[in-house]
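**Q** Generate coordinates for the entire structure from the input sequences, incorporating the hints supplied.
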Amino acid sequence: MPTATLSIIYGLASALVWGAGDFCGGLATKQTNVYRVVLLAHGLGVVIMAACALLFHERAPTPSDLFFGVTGGIAGLVGLLAFYQGLSQGNMGVTAPVAAIVTAVIPIVVGAVKEGAPPPLQLLGFGLALAAVWLLAGSTNLASARWREFRLPVLAGMGFALFYVLFDNVGVGSVFWPLTGARIASVLILGLIVGRAPRKGFPARTQWPIVALAGLFDAAGNIFFVLAAQAGRLDIAAVLSSLYPATTLLLARFLLDERLTPLQRWGAGLAVAALMMIAA
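My numbering applies: residue 4 is where the sequence shown begins, and numbers increase by one.
Everything labelled a hint here was simulated from the structure, so no lab data went into it.
In this text, all values refer to a predicted model and were calculated from it rather than measured experimentally.
Note that beta-carbon positions come from the ideal geometry of N, C-alpha and C, so glycine has one too.
Possibly wrong hints are sitting among the right ones.
As the list claims (entries may be wrong) - Pair by pair, the computed Cβ-Cβ distance ranges are:
| # | residue 1 | residue 2 | range |
| --- | --- | --- | --- |
| 1 | GLN34 | GLY194 | 38 to 44 angstroms |
| 2 | ARG199 | PRO66 | 28 to 34 angstroms |
| 3 | ALA115 | ALA276 | 17 to 23 angstroms |
| 4 | LEU57 | GLY174 | 38 to 44 angstroms |
**A** Here you go:
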């Protein structure tokens, strides 16, 4: 199978499982402190990544691979903390779409600089994908938003995008060990944050399965993204992975009976059109 096709398949797989992870994480954080949920999910990620590295006999990582893995993990965690902080301030209509767009745009620019501009049809597909992400993320109240309300969403998007860009520099064939380093870094930082807070709010045992699913899907999403970036272009991997809100919304629709807004339906349609153009 051509590597370009593999990149598209892996990118879509990343969006599917990342969206499922967000759905499970959202359910878990309704009753529990978000940082503790992320800490447990990322802790499980360490185990999953290390186990996969041993199971598939992945070669020992180079210092460069570990550097990009650890710094990518820190960048992703900064993005995640900024994202949740923005949501906690009641700015979901600003935080989600702005962070999603910044996350996708930066890798597109970096990919064009490193690998040249993509074909016109794929470029048009990128544009439709950005519009789809914007609509799926629920862009509302932007006209009335103040400039300072954009700071956290932009920081979140930059953190997520930097994760993409840094992991694009990891050597081909080195997947699980750099991701293990990324998760260890995030667990250590989150452990310090949680350790300074009162000892309460850890998930009850009844929530452990949903937290475990969130960690499993998050780990799988990271693996598929790295595979997508290594098999093809960074911009394609990043744009397709950024369509994960579609999965979250579909799961909410069918499992929680939450209705999609008209704009989100348009977003889903644009996502399908974007996929056809990118894959052409």
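**Q** Take the hints in turn and mark each one as holding or not.
**A** Cross-check of the supplied hints:
For the pair GLN34 and GLY194, the supplied restraint of 38 to 44 angstroms is violated, since their beta-carbon distance comes to about 21 angstroms. Distance hint check: the CB atoms of ARG199 and PRO66 are about 31 angstroms apart, consistent with the given range 28 to 34 angstroms. Taken as a hint, the range 17 to 23 angstroms holds for the pair ALA115 and ALA276, whose Cβ atoms sit roughly 21 angstroms apart. The hint said 38 to 44 angstroms for the Cβ distance between LEU57 and GLY174, and at roughly 19 angstroms that hint is violated.
Of the numbered hints given earlier, the model fails hints 1 and 4; all others are met.
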